[in-house]
Structure formats: structure tokens, C-alpha cells
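**Q** So the protein sequences, as listed, match chains A and B. Plus 4 on top of the position in the first sequence (first one is 1) and you've got the numbering used here. Plus 1 on top of the position in the second sequence (first one is 1) and you've got the numbering used here.
Among the hints, erroneous ones may be present.
[Unchecked claim] Examples of chain B residues lying across from chain A (beta carbon under 7 Å, computed): (1) Leu61; (2) Pro79; (3) Arg81; (4) Arg147; (5) Val157; (6) Ala223; (7) Ala224; (8) Ala227; (9) Val232; (10) Leu234.
[To be verified] Stretch-level coverage of chain B by chain A, calculated; a stretch enters the list once three of its residues show a Cβ under 8 Å from a Cβ in chain A: (11) 114 to 128; (12) 161 to 168.
If you are wondering where the hints come from, they were derived from the structure by calculation, not from laboratory data. Since the model is a prediction, treat every value here as computed from it, not as a measurement. From the three backbone atoms N, C-alpha and C, an ideal C-beta is built for every residue, glycine too.
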Amino acid sequence: MNLQTGQLERAASGGLSEVVGMILDKGVVVDAFARVSLVGIEVLTVEAKIVVSSIDTYLRYADAIAQLDGARPAAPGIAGIVEGVAGGLSTAAIAVQQAAGAAGNAAESVVGLVAAAEEPAPEGLR
Amino acid sequence: MSTATVNGWYLYGIVPSAARLPASLLGVGAAAPHTVTHGAIAAVVSRVDQPRALGSRRDLLAHARILDELAGSTSVLPARFGTVFDEPEAIVSHLLEPRRESFSDALARLAGLVQFTVSVRHVSAVVLREILDAEPEIARLRDLVRAGAGRPEVRVRLGELVAGAVARTRAEDARHLHAVLEPYREAAVDRPVTGGEPAVTAAFLVQRHGRARFEMAVAQLAAEWAGRTRVRLLGPLAPYDFAGAVLEGAQ
Numbered sequence: 005m006n007l008q009t010g011q012l013e014r015a016a017s018g019g020l021s022e023v024v025g026m027i028l029d030k031g032v033v034v035d036a037f038a039r040v041s042l043v044g045i046e047v048l049t050v051e052a053k054i055v056v057s058s059i060d061t062y063l064r065y066a067d068a069i070a071q072l073d074g075a076r077p078a079a080p081g082i083a084g085i086v087e088g089v090a091g092g093l094s095t096a097a098i099a100v101q102q103a104a105g106a107a108g109n110a111a112e113s114v115v116g117l118v119a120a121a122e123e124p125a126p127e128g129l130r
Numbered sequence: 002m003s004t005a006t007v008n009g010w011y012l013y014g015i016v017p018s019a020a021r022l023p024a025s026l027l028g029v030g031a032a033a034p035h036t037v038t039h040g041a042i043a044a045v046v047s048r049v050d051q052p053r054a055l056g057s058r059r060d061l062l063a064h065a066r067i068l069d070e071l072a073g074s075t076s077v078l079p080a081r082f083g084t085v086f087d088e089p090e091a092i093v094s095h096l097l098e099p100r101r102e103s104f105s106d107a108l109a110r111l112a113g114l115v116q117f118t119v120s121v122r123h124v125s126a127v128v129l130r131e132i133l134d135a136e137p138e139i140a141r142l143r144d145l146v147r148a149g150a151g152r153p154e155v156r157v158r159l160g161e162l163v164a165g166a167v168a169r170t171r172a173e174d175a176r177h178l179h180a181v182l183e184p185y186r187e188a189a190v191d192r193p194v195t196g197g198e199p200a201v202t203a204a205f206l207v208q209r210h211g212r213a214r215f216e217m218a219v220a221q222l223a224a225e226w227a228g229r230t231r232v233r234l235l236g237p238l239a240p241y242d243f244a245g246a247v248l249e250g251a252q
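Please construct the entire structure, taking both the sequences and the accompanying hints into account.
**A** Structure below.
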């Protein structure tokens, strides 16, 4: 039920992902004689705050900018990067490999959150 | 948390006792909200009795919709999502009475004010083009990567530079957003953003009678940024991002 006003998107109230960002961790807390009865919310909050590991973010940006003007991505995925770097720089490879693992986990969590939100994935960087 | 059954009185927030509830809205648990009044303040609650824990999409949206609807006509202190009282008597004895003064003070401070939330998303192809045109080193590395000549580290380095440039663009856009809206709001707070989320998200506390001017200013900014960003304006909302600070100030 959004109204389009020129370039401005209007909504009286947020969609699920916006509401999650707005109402969790905020508001008057009642700690006596009231139960907080939630399922999965703590997990959701943690996942929403995950910062996708920087290596993964960098590669997404690199691909996005390389693909401007319709160029085809010739790039391997993060696994390929880990292999390639592992060939030359063994210390860095361990760090990158760990980061890649973290990126995988974070990506799964974020995908889970977005799926739960039933809203389109964020613009760009996909 | 041990049992999945929820049976009690679900709390949305605290309002002045003169406030009128939105008609025909169903809350968490699909019951209509009502007030429990104590002197000048009242708790907005609804009966909930269900065999599952709270936290569904419907529960979250119902919590926000009730509060946002209230915010359209009265000042309101939002409660943390998921607060349920086992006994209706406890709403007065353990919530309203012990904190009567600070709730009243906070509601008085929030009188006539509503929250709007503005989020700005970059149209990534356009913003990346701006960055490419402005940063020769990024353009050089990008050509290497496109030609397939760059080693994997070059790709990481390119992405790192772009990420830095995107972060600077976000910071500049946030500064501009706040400068443009400053005359039309009473308070503002930034929400941290990460990764592919909106480039900038900020909450503004706005006079209810001045909301048209605020909304106009946001629309003008959206027009100014047309093509490179998508600007989304939510509200009027309950003051989720300000109630905590206002309550602290009231105590």
C-alpha cells in the first residue's frame, strides 16, 4: 500500500524487515511480573546485525563495478579466490579461508532473514 | 521460554489516559486492544491466548501497526516487543504505578511529536558509475579485472577501494540528508547500516502540526537525488528511536 510521489516512496507503516529493525531492542522494558515470550527473536536480532565479512563484500563490489556497461563477469567465486590466493600467499590464505567460511555463514543467515521478511533482497550487490 | 503457550495481556505501550484507541484494529493475538488506566496514564494491552510463542510475522506487524496508529493521534511510549502480563492487576501494580511520574513526564515531552524514518538506497549502477568516474585508481584496477588480467588479490583490492568509496558516499549523503531536514525536525538519530542495506537510515522526531513541511522537504530531496537513489519515508510512527532517551531524561 505504498504511494509513489515522484521519486519518494511513502508508507504509513513498515514492512517486516523494517519493523524488525524498528521494534526489536527498543521500547519500554518491563522486567517484573511480565514474561517475554518469544520464539527465535533473539536469533533473528543477532542475524540482522551480522556484518557480512569484508572479503565477501569486497568481491561483490568488485564484481558489481566490473559488470558496469554490461561486461560479463569473468571472476571466480569466493572459493576460487581462496584457492588462487592460497597458491601464492599461504598466511593470507588462512585468513581469507576463515573469512570465506564466515562469509558463507553470514550469507546463509542474511538469506534466511530476507526470506523470512518476504521482501525483495537489497538493491544491487547480489 | 520453556512453554510455547502464551496466555495473558500483551502490552503495546503507554499513552495519556485521555487518548482514544484506533477503531477496529486487531492486535497481537487477534483481539482488539483496550486501555488499563491509572490516573493520567494508561497502558494499551490486548488479550492473548495462543498455543504458540510470539514472534511471527503477523505478531511483529500487529505490534507496530497498533503503535503507529496510536501515534497518529496521541503521544505514545512503545513497549518492547513481546511483553506479556500474566495478571491484569500487575499492569497497574508493577508497571504504571511504580513508574507513573517518569511515564507522565516522558509523554509530556513527546506531546505533539511523531517519528518519521527516512531510508535512502543507492541505485548501485549509478553510484558505482559516479565512483568510477571520480577515482582513477578504481578505474585502473577495474580495467585490469575486466580484462581478466588481474590476480585474485587485485580483485580484492578493487573491491576494498570501492567499498571505501561507497562508505564515503553514504556518509556524504547522510550529512546532506540531515542538513536539509534539520529545520523541520526536533531531533534526529542515525541507524547504523551495513552491507547491502539502505545506504542511509535515519529517524526524525517531528511536530505533528509541522509534518507537511517535513514531508515536503523529504520529497524535494528525493527529487534532487532522482535517478541515483530511492528515498523511502515511513510514518507517522511511534517514537521507537526516541522513547528510550526521552524516558531516561524524564527519570
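**Q** Now tell me if each hint is right for this structure.
**A** Now the hints, each set against the structure:
Hint status for B:Leu61 relative to chain A: holds, with the closest Cβ pair at about 5 Å, below 7 Å. Evaluation of the B:Pro79 hint against chain A yields a held restraint, the C-beta minimum of about 4 Å falling below 7 Å. The criterion of a C-beta within 7 Å of any C-beta in chain A is met by B:Arg81, whose closest approach is roughly 4 Å, and the hint holds. Restraint check, B:Arg147 versus chain A: the minimum CB separation of about 5 Å is within 7 Å; hint holds.
Taken as an interface hint, B:Val157 checks out: its beta carbon lies about 5 Å from the nearest beta carbon of chain A, inside 7 Å. Below 7 Å, beta-carbon pairs count as interface contacts, and B:Ala223 has one with chain A at about 4 Å; its hint therefore holds. For B:Ala224, the shortest C-beta to C-beta distance to chain A is roughly 5 Å, which falls under 7 Å, so the interface hint holds. The beta carbon of B:Ala227 is positioned within 7 Å of a beta carbon in chain A (closest approach about 4 Å), and the interface hint is therefore held.
Proximity of B:Val232 to chain A holds as hinted, the smallest CB-CB distance being about 5 Å (cut-off 7 Å). A distance limit of 7 Å between C-beta atoms decides the matter here; for B:Leu234 the minimum to chain A is near 6 Å, and the interface restraint holds. Counting residues of the region 114 to 128 of chain B whose C-beta sits closer than 8 Å to any C-beta of chain A gives 7, which meets the bar of three, so the coverage hint holds. Only residues whose beta carbon comes within less than 8 Å of a beta carbon in chain A count, and the region 161 to 168 of chain B has 4; three or more means the coverage holds.
Every hint, counting from the list given before, is met by this structure.
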